[in-house]
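Our numbering applies: residue 1 is where the sequence shown begins, and numbers increase by one.
Treat the hints as calculated values from the structure; they're not laboratory data.
Beta carbons: idealized from backbone N, C-alpha and C, even for Gly.
One or more hints might be untrue.
Quick list of in silico lysine-lysine cross-link-like pairs, DSS-like style, CA-CA up to 25 Å [said to hold, decoys possible]:
(1) Lys45 x Lys7
(2) Lys98 x Lys8
(3) Lys7 x Lys85
(4) Lys28 x Lys85
Derived DEER-like restraints, expressed as beta-carbon distance ranges [stated by the list, open to error]:
(5) Glu200 x Cys145: 19 to 29 Å
(6) Trp102 x Gln124: 15 to 25 Å
(7) Lys28 x Ile69: 38 to 48 Å
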Amino acid sequence: MSKLSEKKVIGITGSMGSGKSEIARYLKNKFPVLDCDQVNADLLKKGNLGYQKLNEMNIIELDSQGQIIKEKLASYMFSCDQNRKQVEAILHPLIFEKMHEWIQKEDTPIVFVEMPLLFEISAQKHFDSIWCVVADLDVALSRLCTYRNFTREQALARLVSQMNPEEKMSQSNIVLRNNGTVAQLHMQIEDALKEEESHEN
């Protein structure tokens with residue numbers, strides 16, 4: 001059980017195009033699932049805490065409605081490591097704070113948190129168990145081009161910039177290999193749930 005709550009907190013992670021969102025969708029039928037990308041997006045909405053803190057530091061550019069121009073923020077973050085770390089130092093503690101508030105509110109023995117950059121930001125300590133979903137490079141590229149409208153070059157650039165899947169797998173409790181059908185992935189999820197339950201007994 002988590003040191004921060006009486007429930008088991010399981011992190012879902014993996015590279016782009018690996019199938020994190022499908023796992024989250026499937027699990028939502030049975031368990032609470034938090035999407036950390038959505039938490040981040042909410043923090044950046046006009047008037048919210050992330051927005052306020054970035055605005056105070058003159059990091060963000062706003063559109064005519066006073067909303068953050070996300071493309072400008074992304075350009076700022078990825079122009080150099082120092083800028084990225086500056087923004088992350090503001091947003092990441094807020095994301096973890098919101099995450100733990102959500103965990104405490106949920107009244108179930110197991111909760112799931114979808115966190116794409118779990119290992120990249122060294123968030124392992126927040127979880128009792130980590131599930132990593134992986135897909136072969138050609139499969140992930142195909143998904144990103146088909147469902148996210150990336151060019152092959154854009155998709156490849158994003159995938160090679162992420163942590164090596166082998167590293168993620170070596171630090172995970174459960175690995176799901178998602179090169180086949182959605183039904184095959186669902187079967188692996190059920191097996192993973194049984195494995196988690198067996199650890200509880």
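Check each numbered hint from earlier against the structure, then list the numbers of those it violates in ascending order. Structure breaks hints 1, 3, 4, 5 and 7.
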